[in-house]
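Q: Read off the chains here:
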Amino acid sequence: KDQVFQPSTVASSEGAVVEIFCNHSVSNAYNFFWYLHFPGCAPRLLVKGSKPSQQGRYNMTYERFSSSLLILQVREADAAVYYCACKGSSNTGKLIFGQGTTLQVKP
Amino acid sequence: NAGVTQTPKFRILKIGQSMTLQCTQDMNHNYMYWYRQDPGMGLKLIYYSVGAGITDKGEVPNGYNVSRSTTEDFPLRLELAAPSQTSVYFCATWGTSGDNEQFFGPGTRLTVL
Chain A
1 KDQVFQPSTV ASSEGAVVEI FCNHSVSNAY NFFWYLHFPG CAPRLLVKGS KPSQQGRYNM
61 TYERFSSSLL ILQVREADAA VYYCACKGSS NTGKLIFGQG TTLQVKP
Chain B
1001 NAGVTQTPKF RILKIGQSMT LQCTQDMNHN YMYWYRQDPG MGLKLIYYSV GAGITDKGEV
1061 PNGYNVSRST TEDFPLRLEL AAPSQTSVYF CATWGTSGDN EQFFGPGTRL TVL
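Sequence order for the protein chains is A and B.
Sequential numbering of the first sequence, starting at 1, is according to the working numbering.
Sequential numbering of the second sequence, starting at 1001, is according to the working numbering.
Pulled out of the complex, with its shape left as it was, chain A reads as follows (with noise of 0.2 Å):
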């Protein structure tokens, strides 16, 4: 079955780097996608490939079936759901998404 795996919850301090894990079993799946969820607010897309990438203070790294998403400078704004997805082969579009992953920061 396609699946997409997080843990359920990642705990940091400000000013660390915190990285959040995932893997996949999803079929002729080859691309991540890292999305930062706000309740009450769209989910938004922080960093995206099939290769090592950074956006800002965001981080992905890349493996064949596994992506970590790493958090520079950890803040206690950046306490939030973070949610992991896989693309599978087909052209609709369709992500597969993990559970999310819930950052807590402690000050």
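It should be emphasised that the hints constitute simulated quantities derived from the structure, not laboratory data.
One should not assume that every hint holds.
Derived DSS-like pairs (lysine-lysine); straight-line CA-CA distance at most 25 Å [what the hints assert, rightly or not]:
1) B:Lys1057 to B:Lys1009
2) B:Lys1014 to B:Lys1044
3) B:Lys1057 to A:Lys1
4) A:Lys48 to A:Lys1
5) B:Lys1044 to A:Lys48
6) A:Lys1 to B:Lys1044
7) B:Lys1044 to B:Lys1009
8) B:Lys1057 to B:Lys1044
Take the given structure of chain A and dock chain B to it, following the hints.
A: Here is chain B on its own, set in the frame of chain A:
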């Protein structure tokens, strides 16, 4: 551009009532999706559409219906609301001209009592 808009933001229904969740986009994207978000369960695909007049089931379609008469609009219909449909519903679009990402609306929080 407004992007993806959803109405209403909040709604409380009684069991057995019906309603339509509205989703409109102004990005001229052909692909549109409906998800539901339950705590600890992530985003589950309900229905999707690859263009006007074309819809297909996602992972959790039971209890829902959709239509796609225009590129802009993709309404989601609940005919007989049940407590199990209490959730947050997100509409999303995907552009095929290089964007290669899904753009989300702000969501509709639905409670069925």
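Q: Does B:Lys1057 pair with A:Lys1 here, judged by a C-alpha cut-off of 25 Å?
A: holds (17 Å)
Q: Would the pair B:Lys1057 and B:Lys1044 pass a check requiring their Cα atoms to be no farther apart than 25 Å?
A: holds (11 Å)
Q: Need the status of pair A:Lys48, A:Lys1: alpha-carbon distance at most 25 Å?
A: Holds, at roughly 23 Å.
Q: Does B:Lys1044 lie within 25 Å of A:Lys1 when you go C-alpha to C-alpha?
A: Status holds; Cα separation ~14 Å.
Q: Check whether the Cα positions of B:Lys1057 and B:Lys1009 lie no farther apart than 25 Å.
A: Judged against 25 Å, a Cα distance of about 24 Å means the pair holds.
Q: Holds or violated: are the alpha carbons of B:Lys1014 and B:Lys1044 at most 25 Å from each other?
A: Holds, at about 23 Å.
Q: Going straight from one Cα to the other, do B:Lys1044 and A:Lys48 come out at no more than 25 Å?
A: holds (20 Å)
Q: Is B:Lys1044 within 25 Å of B:Lys1009, Cα to Cα?
A: holds (19 Å)
In summary, this structure violates none of the numbered hints.
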